[in-house]
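Just so you know, the protein sequences line up as chains W and A, in that order.
Taking the numbering used here, the leading residue of the first sequence gets 1, the next gets one more, and so forth.
Taking the numbering used here, the leading residue of the second sequence gets 581, the next gets one more, and so forth.
Check each hint, because a few of them may be wrong.
Said to hold, decoys possible - Part of the chain W face toward chain A, derived, beta carbon under 8 angstroms: (1) 10; (2) 17; (3) 52; (4) 267; (5) 302; (6) 358.
Think of the hints as simulated: they come from the structure by calculation, not from any bench.
Quantities reported herein were computed from a predicted structural model and do not represent experimental measurements.
All C-beta atoms, glycine included, are put in the ideal place defined by N, C-alpha and C.
Take a look at the letters that make up each chain.
There are 2 protein chains.
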Amino acid sequence: MKTLNKEILRKLIQASTQKINCDLVLHNCKILDVFSGEVIDSSLAIKDGYIVGFGDSYEGDQEIDLEGAFIVPSLIDAHVHIESTLATPSEFAKAALPHGITTAIIDPHEISNVLGVQGINFMIEASKNIPLDFKIMLSSCVPATSYETSGATLNAKDLNPFYSNPNVLGLAEVMDLDAVKEPSPDMLDKLHDASINHKIIDGHGSSLSFLDNNTYRVAGISTDHECTTLEDAKDRLQKGFYIHIREGSVAKNFDALIPLVNPFNSRRFTFCTDDIYINDLVNHGSIDTMVRRAIKSGHHPVDAIRMGSLNAAECYQLKSKGAIAPGYEADFIILSSSLEDFKIKTVYKAGKVVFDDNQVFFNHKVSSKTKMYNTVILPDISIDDFQISSDTGHLNIIEIIENSLLSKHVTKTIEKGSFFIPTYDDNLAKIFVIERHGHHGQIGKGIVKGFRMTRGAVATTIAHDSHNLVALGMNDLDLELAIRRVKEIHGGIVLVKEGEILAELPLDIAGLMSSKSLEVITHEIKQLESAASSIFHELSFNPFLTLSFLTLPVIPELKITDQGLYSTKFRDFIAIDQTN
Amino acid sequence: MKTLNKEILRKLIQASTQKINCDLVLHNCKILDVFSGEVIDSSLAIKDGYIVGFGDSYEGDQEIDLEGAFIVPSLIDAHVHIESTLATPSEFAKAALPHGITTAIIDPHEISNVLGVQGINFMIEASKNIPLDFKIMLSSCVPATSYETSGATLNAKDLNPFYSNPNVLGLAEVMDLDAVKEPSPDMLDKLHDASINHKIIDGHGSSLSFLDNNTYRVAGISTDHECTTLEDAKDRLQKGFYIHIREGSVAKNFDALIPLVNPFNSRRFTFCTDDIYINDLVNHGSIDTMVRRAIKSGHHPVDAIRMGSLNAAECYQLKSKGAIAPGYEADFIILSSSLEDFKIKTVYKAGKVVFDDNQVFFNHKVSSKTKMYNTVILPDISIDDFQISSDTGHLNIIEIIENSLLSKHVTKTIEKGSFFIPTYDDNLAKIFVIERHGHHGQIGKGIVKGFRMTRGAVATTIAHDSHNLVALGMNDLDLELAIRRVKEIHGGIVLVKEGEILAELPLDIAGLMSSKSLEVITHEIKQLESAASSIFHELSFNPFLTLSFLTLPVIPELKITDQGLYSTKFRDFIAIDQTN
């Protein structure tokens, strides 16, 4: 998007007064006006990437008759971690543009946890020259907690200089409840810096209490995407948080939250994905799908589309986004259907076609200098490291909840003094988290229930939030091979069955993202998923993403990090072996 | 309002977590939550002027049982010229607080036209230490047009330094359509400066065309308070302007515009007064009255109250205003009635009672250094200056429209070569505008229809926008006396009948505002209005305000400035005497 400097402003004014020609005039449009909630029959005049007027008297270098098609604002993903797509921003754009998304509010939380300031700078650089606007929130909690070992630390003084970048909108998902409540000096600095810079502060308040929500809001936090229940969301809504309704590859809150939305409060809701695999985005869409689902669930199309556009723009102070009106960026969608059906035919970004009739018009090569290799630094591992024994015979076990970031803490009894051996019948597997940033190589050990794993092993360097290496397996040899292979390919996901590497997805950028094209990545993911069916039985969820979130100690109930099993209930580490 | 520095933020967080006591806890409240549109039964905890939490477990140094009373956000006047009240900011506050108004978005347009930068600085200083927040928009059009002579000129370079003041929210009412459309270099600078400083730009688009509204919006202008018809307002609404529904002492647009508001679009509407006499504010309220009228006209109380609070806060990026929620300023109203009746019992500003049971709890003396004397510098005037003759016998005449800023251009025939003599039967009077800033003392002459003046004369230094001296009279001797007296008292309003000064209102601050107390000013205004009935017949409008707006050449149809009669239709000056 061209910056609105004085010369461009002059030209826009001159185009609006018809002193100079427009670049493009779309005639015979049905423009959805998100301010009035009405459909306007008019032409739409565009100059230098901006809309300069409604009205039939404009002349353009190019003029197109839309024959009465609906035009709606293009969509905004209100909160997304690009790293979780496994693709770079350019490849994300290729996947997102066909779904009408032209703006993403991104938090480089994952790469920041691996590479700190260098990670944020990478994402800023990698987001340039792409016909999708990436607006950056600064990762607030790196490391996310003291319960895991990250690759880097970001203090307030590291973040503050970024506020001079106009693409930086604020402070990203504040998840360290303790630091806010204290408040710790560094967290107070971060909150205050964002506030005095007139920036937005995102929350990440998983299972906060009623009083905690007071504190979060008092701290200046004005959004949250971690609402999972109506009660959660209602309390936050009432306290003035914007509610980002999230529907990602793992966390799916749309069905739970959409009943809360009504015409009175809808202006306070937006849509986001948070963490979405690139092939889920390609195949199932994201914000566009939420808009369609909202309409199907009985919400007025205008309210549904506003949740995907204007509301997010208002939430993030994006004054020229989220609507089709003079002075707004010429980012919009032409539908091939009614508003209700919301079928996307063409997508315009800054006045140019970027998607039309199933084709993306945009090419971008990741430049080699933006790669971030050699970030997987592991200790020497032997199969002895994978032994889990029990003195008491009572084991603490993580039980996954399918398609949720939450887990349960369950227990199991085995023979005292014996070694734990995973079996399919028990629906149990071993899980290990190995510090991979080259600090100390500590290994956290655990047992997990619910994966329906039959054999083999999986290892991945995607392990929220510190992105250590996490490995899941039914036998120690396969575990060792999977881990060794991940190290060889500089990070990624490796799937092993009986001594054989069945599939792998190299993630050469910080062990998080692939530098390859959208087509190659989606193919590799497909292969990985296909291979998964030979070691997992009847999968009804994404095992890789689920695995990657088992290491997130801020989300209840029992999680695992490089430092061991962490219970959010006890707010402390616990041994695998129950001692009482 | 205390600035939210790091120390206060820390204390607010600690109070919200109940580590330290609150200053005040209100129990048993029915809190109107403008986000959800619901009423919350809860206590409300307050610390250091901010709300720190909902919930019944807070303890405060002071605790009050509200016995189930409704609490609603206090109100915001989205656009007001304090000078037009005739009072200083402190006396405005004394009048506004009983009506629940705790924030005013002000444009020092009048004093800027007299004193330029010095005038803005005066208003900034005079607004300090008052329990009503004055947020300042920088007067964009000083002089308003080249068709009148102002006391000062404000260029972009004069305004730009003010953006570093956190109380300055943007660029005030842009009224110079020609300068925007050109765009003139200085107007382009002003628009661009506001934009790059992330500030708001207010419009003042009287009778703009459909294409002009495109241009205004493209220029970055995002509000307008000059909508007088549904059609006007609808076009602006659709183009993304916030519509400030105005109900002042002269311009009254509420009834015309409120039918446009519906639950779908209400978030884009706010309430403002623009120009209101202080005694109208005292006696009839302003934003509170609009809220009540909106409810009476069938709008949901939540929507009506939002128009008076949250919407204006969002429009002006006031992140901690317009709602009752943790982290918001503790500015609110306790009602003695249902939401529907909206009867104001108590008003809190920054957690302190500022109005309760018909009493304002606030004292403020205007310091002598903030006075702005000696701004009325007139030429020598004799009664010969008041002669109006006609060579052609065809006179161009201004006809006022009661309670409107608009006027009509009518004509009258008199005997060729004769002098015009006003008569009550013709409902005509003489009008003169005399340059009073000491530049050249030019005198504009005219005839005005519709005042139902019977005798005497009125002179005032309030004459929008350049605030030259305007005098209206039925005979030349009384005109001369009124003008002479205005000069003696350093500006103000003087009413003369048959050689006698019947009443006067000295406006010693720039000839616009009185340095006296609210009580004295309202008494003087009352005397003036009472005296008015002896020279005007059956008044159904305010003759002083109407007079003051006849000099506004940007508003159709025929107006008068120190340079003569100005026709908005011809976009040029015309002679009194028709030449063809």
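Do the hints match the structure? See the list:
{"no.": "1", "hint": "10", "verdict": "holds (6 angstroms)"}
{"no.": "2", "hint": "17", "verdict": "holds (5 angstroms)"}
{"no.": "3", "hint": "52", "verdict": "holds (5 angstroms)"}
{"no.": "4", "hint": "267", "verdict": "holds (5 angstroms)"}
{"no.": "5", "hint": "302", "verdict": "holds (7 angstroms)"}
{"no.": "6", "hint": "358", "verdict": "violated (32 angstroms)"}
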